[in-house]
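Participant: Based on the provided sequences and hints, a complete structural model is requested.
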Amino acid sequence: MKKGVLLVNLGTPDSPNTGDVRKYLREFLMDERVIDIPFYKRWPLVNLIIAPFRGPKSAAEYKKVWTENGSPLLYYGLESQRLLQDKLGEGYHVALGMRYQNPTLKSALMELKRNAVTEIVVVPLFPQYASATTGSVTQKVMELVKGWQIVPDVSFVQHYHRHPLYIKTFADIGNKYLRAEKFDHVIFSFHGLPERQILKAGIDSCCKLRGENGCVRKAYPRNTFCYRSACFETADLIAKELGLKDTDYSICFQSRLGKDPWIQPYTEDTIIDLAKSGKKSVLAFSPAFVSDCLETTVEVGEEYKEIFEENGGEHWQLVESLNDHPMWIKCLEDLVKGNEAHVPELDA
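Counted from 1, the sequence shown has number 162 at position 158 by the numbering used here; the numbering is strictly sequential.
Hints were generated in silico from the structure; no laboratory data involved. In this text, a Cβ means the ideal position worked out from N, Cα and C, and glycines have one as well. A hint or two may mislead.
[Unchecked claim] Simulated pairs of lysine-lysine, DSSO-like, Cα-Cα distance not exceeding 27 angstroms:
no.: 1; residue 1: 67; residue 2: 27
no.: 2; residue 1: 7; residue 2: 341
no.: 3; residue 1: 263; residue 2: 180
[Claimed, not checked] Label pairs and their in silico Cβ distance ranges:
no.: 4; residue 1: 204; residue 2: 117; range: 14 to 24 angstroms
no.: 5; residue 1: 284; residue 2: 183; range: 44 to 54 angstroms
no.: 6; residue 1: 180; residue 2: 153; range: 48 to 58 angstroms
no.: 7; residue 1: 183; residue 2: 41; range: 44 to 54 angstroms
no.: 8; residue 1: 21; residue 2: 184; range: 49 to 59 angstroms
no.: 9; residue 1: 186; residue 2: 56; range: 27 to 37 angstroms
no.: 10; residue 1: 122; residue 2: 316; range: 55 to 65 angstroms
no.: 11; residue 1: 68; residue 2: 318; range: 18 to 28 angstroms
no.: 12; residue 1: 18; residue 2: 180; range: 31 to 41 angstroms
no.: 13; residue 1: 53; residue 2: 21; range: 12 to 22 angstroms
Facilitator: Structure, rendered in structure tokens:
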């Protein structure tokens with residue numbers, strides 16, 4: 005009898021060709037948890053405006069990250085699956101699924117079903133909980149398994165933004181740059197969300213969305229699932245592991261789309277302010293992503309580098325994601341086995 009493990013990441017187009025990118029964008033953006041507006045508004049926005057016009061531009065960006073192994077997000081997902089399977093051993097069966105596109109969640113769950121697993125631990129590869137990521141995975145998995153004749157025990161790892169091994173792995177990767185050269189400042193850039201998605205969860209009474217100093221930066225019962233607070237906590241813990249002072253680093257949010265307010269401060273504004281204040285060299289982390297992808301390699305690594313240099317900066321260095329780092333695979337093993345007892349309690 006085996007236990008099943010389902011690793012889930014967001015997804016990637018099957019190729020960097022415009023047709024495949026449009027197909028991916030349509031599935032991704034039609035998710036009601038991603039663009040949380042009524043269907044009659046979401047459908048024309050996605051299918052008549054975003055996918056047709058954004059498809060070619062996104063395809064060009066995907067070509068920048070595509071390797072001989074294909075999409076790095078898929079490649080490192082498969083590597084993590086293989087390495088975690090080796091570490092867990094014969095008592096487990098590890099499958100990989102993508103929330104959008106291939107390999108599908110349905111095919112991954114059927115793989116576990118064929119192996120007659122007695123329970124399934126779902127590990128979304130998103131360290132900080134958000135409705136648009138972890139919440140969407142949870143909803144889809146439940147929809148897929150509810151019709152099975154035999155429904156095994158299914159549990160979800162909802163977040164692990166303060167797990168010591170997750171924190172230590174990012175610090176370990178970043179340290180190789182900090183040991184090699186001196187940086188004027190460190191940036192922690194997380195993927196952004198519309199403010200309304202946090203407010204809809206009823207978390208507005210726990211922290212202020214606007215202004216870095218207004219957010220509660222540690223977890224406590226009322227804000228456990230606050231994405232913005234979790235991001236601040238992650239950055240603070242990595243910074244502590246690196247030995248940084250509060251003035252050595254900034255926390256900000258990238259990938260803003262549309263005119264509605266997103267959680268702040270915005271990464272672009274932060275970069276411009278740093279460059280204009282005289283900071284010449286910056287080390288940039290993107291800890292919301294455990295695998296290199298478009299948002300890390302292109303957005304943070306290239307686009308933000310250009311913004312920094314255009315405003316007077318001289319050296320911009322991206323810290324790569326966790327990818328297949330051995331300590332990250334050990335973290336996944338801990339999450340599967342529920343070994344969270346050694347995670348320090350935070351002040352209430």
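Participant: Return the numbers of the hints above that this structure violates; sort them in rising order.
Facilitator: The structure breaks hints 3, 4, 5, 8, 9; every other hint is satisfied.
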